[in-house]
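J.: Chains as they are written, first to last, in this note's numbering: chain A, 1 to 391; chain B, 392 to 481; chain C, 482 to 855.
I should point out that these hints are in silico values taken from the structure, not numbers from a laboratory. Where hints are given, some of them may not hold.
Computed, partial: chain B to chain A, Cβ under 8 Å [claimed, not checked]:
1. C393
2. L394
3. I396
4. T409
5. R410
6. F416
7. G417
8. V419
9. A441
10. T459
Facing chain A, a subset of chain B residues (Cβ under 7 Å, in silico) [unchecked claim]:
11. G418
12. R421
13. T432
Idealized CB from N, CA, C, for every residue including glycine.
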Amino acid sequence: MTDIADLTGTADLTGWTCPAPLRDHDRIVLGHGGGGVLSGELVEHLFLPAFAAATPPDPTDGTRLARTGRDDDGPDDGGPDDGGPAGGDRLADAAVVRIGGARVAFTTDSYVVRPLFFPGGSIGELAVHGTVNDLACRGARPVALSAGFILEEGLELAVLARVAEAMGRAAAACGVRLVTGDTKVVERGLADGLYVNTSGLGLVPPGVDVRPTRAAPGDRIILSGPIGAHGIAVLSVRENLEFGGDVRSDTAPLHGLVDAMLAASVPGVHALRDPTRGGLATTLCEIASAARVGVEFTESAVPVPPAVEAACGFLGLDPLHIANEGRLVAFVAAADADAVLAAMRAHPAGRAATIIGTLTTDHPGMVVARTAFGGTRIVDRPLGEQLPRIC
Amino acid sequence: MCLGIPGRITKIWDDRGTRMATVDFGGVTRTACLAYLPGATIGNYTIIHAGFALTVVDEAAAHRTLATFRELGLLDDELGARQPADGVGR
Amino acid sequence: MKYLTEFHDPALARRLLDTIAATARRRWTVMEVCGGQTHAIIRHGLDQFLADQVEFIHGPGCPVCVTPLEMIDRALAIAARPEVIFCSFGDMLRVPGSETDLFSVRARGGDVRVVYSPLDAVRIAENNRDRQVVFFAVGFETTAPAAAMAAVTARRRWLTNFSMLVSHVLVPPAMEAVLAAPDNRVAAFLAAGHVCTVMGTEQYEPLVATFRTPVVVTGFEPLDVLEGVRHAVEQLESGRAELANAYPRAVRPEGNPAARMILADVFTVCDRAWRGIGTIPRSGWRLSPAWADLDAETRFDVADVRVAEPAACHSGEVLRGLLRPPDCPAFGTACTPRRPLGATMVSAEGACAAYFQYRRLAPAGPSTPAVDRD
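Starting from the given sequences, assemble the full structure and let the hints guide the process.
T.: And the structure:
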């Protein structure tokens, strides 16, 4: 472990400080929607200060401003660069607010995926699953969703119908109701076909307390299945990038899986996260920073489908940075890890669940991967969106 | 620089006078231009860079290289050699 | 994947490492020329295991890194024009010019598109006859054949709306510049394997002979890099200086004759400024006179855009192997991948970016890398 200690000990030497101010860009660039560093800075330096008066800290419930946006290329946020113990939960997947006697999880998310249909799903399934999963990652049982549409003039009705039907089917399968909605049309050229926003309400069962800052040293990190399929499936049908193959999006609801995990241990499940935009690397970095813990994981323990590995190979991308829509990462007390893992493997959405690492007191805020060769490397969030490269 | 990984040619066709191929990378396929490999045939492994196949992988040479690596090990074993390098292979 | 995963085998890596350790009687300074090799070394922690045998100096092996500032400014000027669709490889979009980058040009309304292959840019030109389509042709000898074929294809299809902003660079002259520098420390080169798939190996013969320096053609997977090191160390220990091919599955002595023929037709050798290094004679390719009608510099009249390199960036010293990225005063503070001060911090394969990504908190001295001992 001396290597890890060395890494930490020299942190000040290089004087690296994370949050650079936004002034570099005087306009929104695509990277602000990539779920990486730029996205995080937008939230930290623009939204949080602007919303400060309206979001008083509430340590009991943790959350002030939920993460928004789940798509792989949506114009929205990412996680905090440096959430302290007090504020580490304000950027959780969903907010939990007390209404009367009930604890209500609340989240919203916009979907701008292009193309609208891709192998394994469409923007319709994403809009339901993404929001359901954000609720589930607070331990909530999803109850109701809203659906807001921004449609481009000229959009074929048949396309809209396919998306709406996909949403209806997905919601029914999840056992949530689509209870309210809105439709706006913008002039041709002002939108890319259609965008969807869904907001979701869920109920947090008594005793359940799942949030980023409960992640603690010693916790086991459990990944619910192989990574990268969603992001690669979407890239595989992008214009100018088409490649063939059988990579299908992993989009799936995760609340059933979370139920099964909580049935195995309510207090042991400390934190949950679905590694969407920015991939597994971003999720681990966000937990490391929110809970002020170190993350250590074994690279070879992370299942990457061969086709995802291959596509990342020729595009020059890192599977750890690729978006997922049907996976979650759980941070579970060591004593409960086996029971929770067994419960996950007994559930269809978690059959390939596996322990990939642990949280440590060493190097808080930092994610360290052990390579197949036995060396170590630091894992960072991607800066912005993922672009194929030649070199 | 010069990202390039090997894939197997599974299909060859002509696109308005340019020789093109489908290359399989183990589950995903990509179209590549074969203009620089007039001799390449279906079944060849080739290294693709920026959409172009640049070389046919010499499979015999690949196996020879791997065999060399294994012999290095055997030689070491025969000599009752040193401890393994720290960490590697664990 | 076949011919890929076999070259990641940790057990065979151990055998190679043992052999290198048994051969090396001192610590040798080896330059890996290609950024892809730098990536493999840091990504897999190979330098951690070779700390006692090899000091890696990261070579000028990333074309995105070395593209001169003024060429980027020309690109930005062209990309901002309303009639232009500007096509570029993805890694070029984040490279800053004097004022801005291609991402920001796009945010201000420029039509900047990422392409995977230069032929995609030709297709975009075919589908947008009323627009000017410009391809930013950067890269080493490996990438240049793709750009050359784009030119050939555009002409064959009578596309008058296609042009290229060409800033190709050539590896051997840069290696020669490294060796010729009075403060050179490089004892052996790992030559860039994919460059050699195109150009072959004989172009390094004069280098080996003149400077008595081993040149080992090397691939990009971890075992390939170790095999290159093994060859280099063996030569150095026995006092030999030879041209060796440690990547024979991909590299033939003659390279790719078909590609070389078209390269010789479309491009002509020119002096080229390397970002952070300065001008290296006969180290670039520009369009040859027969293909000058495709030159975006003249079509859009940007050839007189000239700028000086920023002073605070030490990327020149990094590229020449005189400074390790973490030793640069700006590394990780004034200069990060998010706000790169210089070329080597820009691309994912630039030496500084690779350090920042994988090793930015490692101890600074070359004698104390973060070796894994648990």
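J.: Now look at each hint and say whether the structure bears it out.
T.: Quick rundown of the hints versus the structure:
Interface hint at B/C393: satisfied, since its Cβ lies 6 Å from the closest Cβ of chain A, which is below the 8 Å cut-off. Annotation: B/L394 was flagged as interfacial toward chain A, and the flag holds, the nearest CB pair being 5 Å apart, inside 8 Å. The restraint placing B/I396 at the interface with chain A holds, with a minimum CB-CB distance near 4 Å, inside the 8 Å limit. Residue-level restraint check for B/T409 is violated (minimum Cβ-Cβ distance to chain A is 17 Å; threshold 8 Å).
Checking B/R410 against chain A: minimum C-beta separation of about 18 Å lies over 8 Å; hint violated. Annotation: B/F416 was flagged as interfacial toward chain A, and the flag holds, the nearest CB pair being 4 Å apart, inside 8 Å. Annotation: interface hint on B/G417 holds; nearest CB of chain A at approximately 5 Å, less than 8 Å. The beta carbon of B/V419 is positioned within 8 Å of a beta carbon in chain A (closest approach about 4 Å), and the interface hint is therefore held.
Taken as an interface hint, B/A441 checks out: its beta carbon lies about 5 Å from the nearest beta carbon of chain A, inside 8 Å. Because the smallest distance between the Cβ of B/T459 and any Cβ of chain A comes to about 19 Å, over 8 Å, the interface hint for this residue is violated. Because the closest C-beta pair between B/G418 and chain A is about 3 Å apart, less than 7 Å, the hint holds. Taking 7 Å as the C-beta contact cut-off toward chain A, the hint placing B/R421 at the interface holds, the least distance being around 5 Å.
Below 7 Å, beta-carbon pairs count as interface contacts, and B/T432 has none with chain A, the closest being about 20 Å; its hint is therefore violated.
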